[in-house]
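Which chain is which? The protein sequence lines are A and B, in order. Using the numbering used here, the letters of the first sequence correspond one by one to residues 13 to 131. Using the numbering used here, the letters of the second sequence correspond one by one to residues 9 to 283.
Don't read these hints as lab results, they were simulated from the structure. Hints are not guaranteed to be accurate.
With a straight-line cut-off of 20 Å between C-alpha atoms, the simulated SDA-like cross-links for lysine to any residue are [said to hold, decoys possible]:
(1) K47(B) with N136(B)
(2) K47(B) with G79(A)
(3) K47(B) with A75(A)
(4) K70(B) with T89(B)
(5) K47(B) with A72(B)
(6) K70(B) with T222(B)
(7) K47(B) with N93(A)
(8) K70(B) with S210(B)
(9) K47(B) with P126(A)
(10) K70(B) with D267(B)
(11) K47(B) with T273(B)
(12) K47(B) with G94(A)
(13) K47(B) with T89(B)
(14) K14(B) with T89(B)
(15) K47(B) with E18(A)
(16) K47(B) with Y21(B)
(17) K47(B) with S137(B)
(18) K14(B) with E266(B)
On the chain A side, residues computed to face chain B include the following (Cβ under 10 Å) [unchecked claim]:
(19) A30
(20) L33
(21) L95
(22) F108
(23) E110
(24) W116
Quantities reported herein were computed from a predicted structural model and do not represent experimental measurements. Yeah, the Cβ is synthetic: ideal placement off N, Cα and C, and Gly gets one too.
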Amino acid sequence: MPDIDEPLPLPENPATVAELLPHLPVPYDYARQYACVFSQELADRLVEVQAANPEQFRVTPLALTDGTFMIRGAILSEVPNGLYGGNFARLDASRFDEIALVPWAEAVALLPQPDPEGP
Amino acid sequence: MALAAKIPYDHPYAGGFPGLGGQALPTDSDCLTYLAAVKAADGAGVEVGVAVAVDAFFRDTKAAGVFDALEACCILAGARTLAGALVPVVGDAPTNVADGFAGGDYSRTDGLTGDGSTTYLDTGRPQNSDPQNDAHISVFITASGTAASVRYAGTTDTSAGSYLLLYDDNSFTGAYVSSNSITDVSNRTGVNLVGGTRDSSSQQTARVDGVSNTTAVASIAPTTLNSYVFCRNLNGSPNAFSDATIAFYSIGTSLSLEDLETAVTNLINAIGEAL
Chain A
13 MPDIDEPLPL PENPATVAEL LPHLPVPYDY ARQYACVFSQ ELADRLVEVQ
63 AANPEQFRVT PLALTDGTFM IRGAILSEVP NGLYGGNFAR LDASRFDEIA
113 LVPWAEAVAL LPQPDPEGP
Chain B
9 MALAAKIPYD HPYAGGFPGL GGQALPTDSD CLTYLAAVKA ADGAGVEVGV
59 AVAVDAFFRD TKAAGVFDAL EACCILAGAR TLAGALVPVV GDAPTNVADG
109 FAGGDYSRTD GLTGDGSTTY LDTGRPQNSD PQNDAHISVF ITASGTAASV
159 RYAGTTDTSA GSYLLLYDDN SFTGAYVSSN SITDVSNRTG VNLVGGTRDS
209 SSQQTARVDG VSNTTAVASI APTTLNSYVF CRNLNGSPNA FSDATIAFYS
259 IGTSLSLEDL ETAVTNLINA IGEAL
């Protein structure tokens with residue numbers, strides 16, 4: 013009989029944010045291994061939700077070179093009740109299975125290369 | 009550090025227990041306003057030791073004549089949580105723009121560490137909020153990052169050709185202040201204060217890790233871009249991220265970078281001792 017207070021074991025290779033919902037908030041060192049990657053439609057929706065609630069902490073989705081968008085997985089250590097909890101609660105949880113969890117290094121490799129313009 | 013210094017600064021016995029002597033408490037009115045805002049964000053007041061360190065920072069910067077030059081400023085240390093650390097010391101810098109930072113990136117003694125790829129702070133302060141010939145920008149770095157070429161804070165508007173920027177590519181480390189030419193403090197790594205200031209149309213000063221350099225560089229009209237911290241705002245987008253650990257930033261009118269460095273160094277050291 014497991015201890016009632018024992019946390020659920022974290023998935024070793026979660027595919028989407030939906031898989032992590034029962035575990036939120038996940039530990040920072042676990043969350044930072046991943047990037048949350050999603051479509052432009054979801055990126056636009058996130059920006060829209062945050063714009064409607066300007067008093068809440070926000071995070072800006074960054075465009076990747078393959079047309080998708082990303083935010084740090086580390087923010088999953090700050091929801092549902094942490095820094096980003098205010099806007100997280102306003103998102104459509106039924107679409108969290110559309111937010112892929114990608115290994116951090118793989119997502120960073122898809123960020124545009126630093127622009128050499130100017131100093 | 010005595011146990012009494014660990015009591016929240018607004019505890020009824022913060023000044024001391026009856027019959028057991030007393031300890032100093034913060035007194036500066038601006039500091040008390042700031043500490044109250046930090047408490048609201050954190051959910052609890054900081055310890056007496058931290059509060060007194062912050063009080064000394066307010067007092068010392070006012071005595072040195074640099075406090076009034078701080079227009080957008082955050083102490084990214086001392087507060088109990090990242091939310092508290094993002095409360096502005098002065099001005100109306102946004103308190104809710106964490107842009108990907110999480111509590112795990114924050115150390116109460118060392119500051120906030122960038123990831124070098126995505127995390128930054130938008131100060132909400134356009135470059136042209138300060139006069140063309142009366143401006144400064146600074147960060148206080150407690151640990152250098154691993155990235156080879158970074159911008160610690162500022163703006164790059166390539167169409168206007170006017171930059172407010174703290175620059176480090178391991179060859180040049182210095183600043184642009186309403187200009188398109190760097191004042192380099194050569195052979196320096198960006199640890200401790202990195203800053204730039206300008207109080208005339210003809211020259212700007214950069215300070216890196218205790219050394220200042222002033223060069224003749226003509227000013228150029230500032231732009232409307234907001235300054236970012238942990239990267240530059242390149243024509244409206246974050247770019248050239250740093251993974252350094254930053255414990256303080258400020259933007260505003262011109263000031264003595266040496267006096268600011270002294271005050272911030274004392275602040276960060278005192279916070280470390282208090283915790």
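Going down the list of hints, with the structure as the test:
Between K47(B) and N136(B) the alpha-carbon distance is near 32 Å, which puts this suggested pair outside the 20 Å criterion. Proposed proximity of K47(B) and G79(A) is contradicted: the alpha carbons are some 41 Å apart, above 20 Å. For the given pair, K47(B) sits about 36 Å from A75(A) by alpha-carbon distance, which is inconsistent with the 20 Å threshold. Between the alpha carbons of K70(B) and T89(B) the distance comes to roughly 26 Å, so the proposed pair goes past 20 Å and is violated.
Our distance criterion of 20 Å between C-alpha atoms is broken by K47(B) and A72(B), whose separation comes to about 27 Å. A threshold of 20 Å between alpha carbons decides the hint, and for K70(B) with T222(B) the separation of about 24 Å lies outside it, so the pair is violated. Between K47(B) and N93(A) the alpha-carbon distance is near 18 Å, which keeps this suggested pair within the 20 Å criterion. Using a Cα cut-off of 20 Å, the hinted pair K70(B) and S210(B) is violated, with the two alpha carbons roughly 27 Å apart.
With a C-alpha separation of about 38 Å, the suggested pair K47(B) and P126(A) falls outside the 20 Å cut-off, and the hint is violated. Annotation: proposed proximity of K70(B) to D267(B) holds, straight-line Cα distance about 10 Å (limit 20 Å). In summary, the hint linking K47(B) to T273(B) is not supported, as the alpha carbons are separated by about 23 Å, beyond the 20 Å threshold. Using a Cα cut-off of 20 Å, the hinted pair K47(B) and G94(A) holds, with the two alpha carbons roughly 16 Å apart.
Between K47(B) and T89(B) the alpha-carbon distance is near 10 Å, which keeps this suggested pair within the 20 Å criterion. For the hint linking K14(B) to T89(B), the alpha-carbon distance of about 16 Å falls within 20 Å, and the restraint holds. Distance restraint check for K47(B) and E18(A): the Cα-Cα separation of roughly 32 Å exceeds the 20 Å cut-off, and the hinted pair is therefore not satisfied. Annotation: proposed proximity of K47(B) to Y21(B) holds, straight-line Cα distance about 17 Å (limit 20 Å).
A hinted pair counts as satisfied when its Cα atoms are at most 20 Å apart, and K47(B) with S137(B) does not qualify at roughly 29 Å. Under the criterion of a C-alpha separation no larger than 20 Å, the hint pairing K14(B) with E266(B) is inconsistent with the structure, at around 31 Å. Against a cut-off of 10 Å between C-beta atoms, the interface hint on A30(A) is violated, since the closest Cβ of chain B lies about 20 Å away. Look at L33(A): its Cβ only gets to about 18 Å from chain B, farther than 10 Å, so that hint breaks.
Interface restraint check for L95(A): the shortest CB-CB distance to chain B comes to about 6 Å, inside 10 Å, so the restraint holds. Given the 10 Å rule on beta carbons, the hint for F108(A) is violated: about 18 Å separates it from the nearest Cβ of chain B. Interface restraint check for E110(A): the shortest CB-CB distance to chain B comes to about 20 Å, outside 10 Å, so the restraint is violated. For the restraint placing W116(A) at the interface with chain B, the shortest Cβ-Cβ distance is roughly 9 Å, inside the 10 Å limit, so the hint holds.
Violated hints, in rising order: 1, 2, 3, 4, 5, 6, 8, 9, 11, 15, 17, 18, 19, 20, 22, 23; the structure is consistent with all others.
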